[in-house]
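**Student:** Order-wise, the sequence lines are chains R and P. Quick note, the first sequence lines up with residues 1 to 234 if you use our numbering. Quick note, the second sequence lines up with residues 1 to 234 if you use our numbering.
Everything labelled a hint here was simulated from the structure, so no lab data went into it. Watch out, some of these pointers could steer you wrong.
Since copy identity is lost for identical chains, a pair holds within one copy or between any two.
Listed next, the in silico SDA-like pairs over lysine to any residue satisfying Cα-Cα at most 25 Å (straight line) [unchecked claim]:
1. Lys226 to Ala122
2. Lys124 to Arg203
3. Lys226 to Leu214
4. Lys199 to Gly110
5. Lys199 to Glu68
6. Lys63 to Arg104
7. Lys226 to Leu106
8. Lys63 to Glu109
9. Lys226 to Asp175
10. Lys199 to Leu214
11. Lys124 to Val192
12. Lys194 to Val53
13. Lys63 to Glu98
14. Lys194 to Glu68
15. Lys226 to Ile164
16. Lys199 to Thr219
17. Lys226 to Glu68
18. Lys226 to Arg177
19. Lys194 to Asn173
20. Lys199 to Arg177
21. Lys226 to Arg203
22. Lys226 to Pro54
23. Lys194 to Met224
24. Lys199 to Val127
2 protein chains.
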Amino acid sequence: MSPESGTGTMLYEISRIIQGGAAVCRHASTAAAARVEHEHLFPAALQPRDYAVPNPTWNPETKRLYEELSRDPSWRRLPSYEEFAGSRSSMSLEADGETRFFTRNLDQEGIGFEYCMFYNEAEKRTVFIFQPGPYLGGLAGYTHGGCIATIVDSTVGAGIVNGIGPAMTANLNLDYRSPIPLGSTVLIDSRVEKVDGQKVYTRCQVRSHDSAVLHSEATALYVMLKSGESEARL
Amino acid sequence: MSPESGTGTMLYEISRIIQGGAAVCRHASTAAAARVEHEHLFPAALQPRDYAVPNPTWNPETKRLYEELSRDPSWRRLPSYEEFAGSRSSMSLEADGETRFFTRNLDQEGIGFEYCMFYNEAEKRTVFIFQPGPYLGGLAGYTHGGCIATIVDSTVGAGIVNGIGPAMTANLNLDYRSPIPLGSTVLIDSRVEKVDGQKVYTRCQVRSHDSAVLHSEATALYVMLKSGESEARL
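My request is simple: use the sequences and hints to build the entire structure.
**Tutor:** Right under this line is the structure:
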């Protein structure tokens, strides 16, 4: 457990909120089920937009991967919203005004994170189709290394929350092999390797859409948050 | 060296572009020098805006840290732009239209990455004052873990580029200890631990503005890019 004052209480609050949010994802296995779930959580006039569907800025490789995974019944598409369910009730009182989920914070399509995630229950595997827009630039005009860390964390986290339960990142270890051109399409593939008590060990690769280039490799350790737990262990 | 086809050529191009960009930072040790440098690189009508200065959305802690470091002659402020110098000539041909630097991609002040970096030449140390805005949300409304990876990568990278020379991230290893509330102020402190040939080993901490809370710890390995090198080694 972290020795920092107040961390236990904060993590309890996070556990409570994540469990609310995870319910949105876990039961939304079809478009119809997702709609029922949202109608339960959000008033009809405030139905959130699901961003994890094709838009005109998607390039042919992004669309092809989306269609292939959509056709395969072993994969289930995960919806994605501008705001994480439950975040309005978060403890981040310093935040002023409307909050947005980091990877959905740009209004214009195609300039930021364009992506869709799919989950394979039998294999405990999550893939993330990612098309980095021109506003995600890093050194020399390639995709910023922080974006790659962000999509790896998102892929691994979605897989664990959907397959096992609410959890938080404890460690993220990334090897950068080859830079990712802005506007290209990459596929992030994450698998759970081992569950040991509250610890979940995962492994992840970021490859070009045709698998020819290995852009990054990563391991991530997540810690499960128990329901009603007053102090989560890190 | 990475076995991927074309990686050597890409890294040579990146090295060439970074060296152009690094020149902007390395010689811009005062506001006047920075102005001269920009006038050399950019036509007068296209002088880029330097974002690393206080704006009305900065909270009292962010301003206090900025003022303290500005007064101390051992620290030098690093300017920050919307676009990385040289990115227009990058190889990311897939990117369509205008590119933006990832951490400066939101037009409205205060909603995204608000930050300023300072560099201490004698100590080979870089600090990053960071105020995450409400559009950088992650689980439960706290700052997204990917943002923390992004600022760590930015801090370490800026220190190496300014103190040693152009380099690329090869490994980033982050331990997440305590979540960061949106709207709060944190300080990222990065030091070079060892230089071994082309490899630069660094260590970094992310703490609350008053140092009381350790939010994250990280190590990062960077690989220096030699001038004119046709193949960089990872």
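**Student:** Against this structure, judge whether each hint is valid.
**Tutor:** Structure-based check of each hint:
With identical chains, the CA atoms of Lys226 and Ala122 are at most 25 Å apart within one copy only, with a shortest distance of 23 Å there and 47 Å across copies. For a Cα distance limit of 25 Å, the shortest separation of Lys124 from Arg203 inside one copy, 12 Å, qualifies, whereas the shortest one across copies, 34 Å, does not. For a Cα distance limit of 25 Å, the shortest separation of Lys226 from Leu214 across copies, 23 Å, qualifies, whereas the shortest one inside one copy, 36 Å, does not. For the identical chains of this complex, Lys199 and Gly110 are neighbours neither inside a copy (36 Å) nor across copies (36 Å), given an alpha-carbon limit of 25 Å.
In the homo-oligomer, the alpha carbons of Lys199 and Glu68 never lie at most 25 Å apart, since the shortest distance is 33 Å inside one protomer and 41 Å across protomers. Taking the shortest alpha-carbon separations for Lys63 and Arg104, only the intra-copy value of 19 Å comes in at or below 25 Å, while the best inter-copy value is 28 Å. When the C-alpha separation of Lys226 and Leu106 is checked against a cutoff of 25 Å, the pair qualifies neither within a copy, at 33 Å, nor between copies, at 36 Å. For a Cα distance limit of 25 Å, the shortest separation of Lys63 from Glu109 inside one copy, 15 Å, qualifies, whereas the shortest one across copies, 34 Å, does not.
Taking CA atoms no more than 25 Å apart as the test, Lys226 paired with Asp175 passes between copies only; the shortest distance there is 20 Å, against 31 Å inside one copy. For a Cα distance limit of 25 Å, the shortest separation of Lys199 from Leu214 across copies, 21 Å, qualifies, whereas the shortest one inside one copy, 27 Å, does not. Proximity of Lys124 and Val192 under a CA criterion of 25 Å is satisfied intra-copy only: 6 Å inside one chain copy versus 39 Å between copies. Taking the shortest alpha-carbon separations for Lys194 and Val53, neither the intra-copy value of 31 Å nor the inter-copy value of 46 Å comes in at or below 25 Å.
With identical chains, the CA atoms of Lys63 and Glu98 are at most 25 Å apart between copies only, with a shortest distance of 23 Å across copies and 31 Å within one. In this assembly of identical chains, Lys194 and Glu68 lie within 25 Å of each other by CA distance neither inside one copy nor across copies; the values are 28 Å within and 47 Å between. Proximity of Lys226 and Ile164 under a CA criterion of 25 Å is satisfied intra-copy only: 11 Å inside one chain copy versus 46 Å between copies. Taking identical chains as interchangeable, the C-alpha atoms of Lys199 and Thr219 lie at most 25 Å apart whether they share a chain (13 Å) or sit on different chains (21 Å).
In this assembly of identical chains, the alpha carbons of Lys226 and Glu68 never lie at most 25 Å apart, being 36 Å within a copy and 42 Å across copies at closest. Taking the shortest Cα distances, Lys226 and Arg177 sit within 25 Å of each other only across copies (17 Å), while inside one copy they are farther apart (36 Å). Taking identical chains as interchangeable, the C-alpha atoms of Lys194 and Asn173 lie at most 25 Å apart whether they share a chain (16 Å) or sit on different chains (20 Å). Proximity of Lys199 and Arg177 under a CA criterion of 25 Å is satisfied inter-copy only: 15 Å between copies versus 27 Å inside one chain copy.
For a Cα distance limit of 25 Å, the shortest separation of Lys226 from Arg203 inside one copy, 23 Å, qualifies, whereas the shortest one across copies, 32 Å, does not. Taking the closest pair of Cα atoms, Lys226 and Pro54 never come within 25 Å of each other, the shortest separation being 36 Å inside a single copy and 42 Å across copies. Only within a single protomer do Lys194 and Met224 lie at most 25 Å apart by alpha-carbon distance; the minimum there is 13 Å, versus 35 Å between protomers. Taking CA atoms no more than 25 Å apart as the test, Lys199 paired with Val127 passes inside one copy only; the shortest distance there is 21 Å, against 32 Å between copies.
Checked against the numbered hints listed earlier, the structure breaks hints 4, 5, 7, 12, 14, 17 and 22; every other hint is satisfied.
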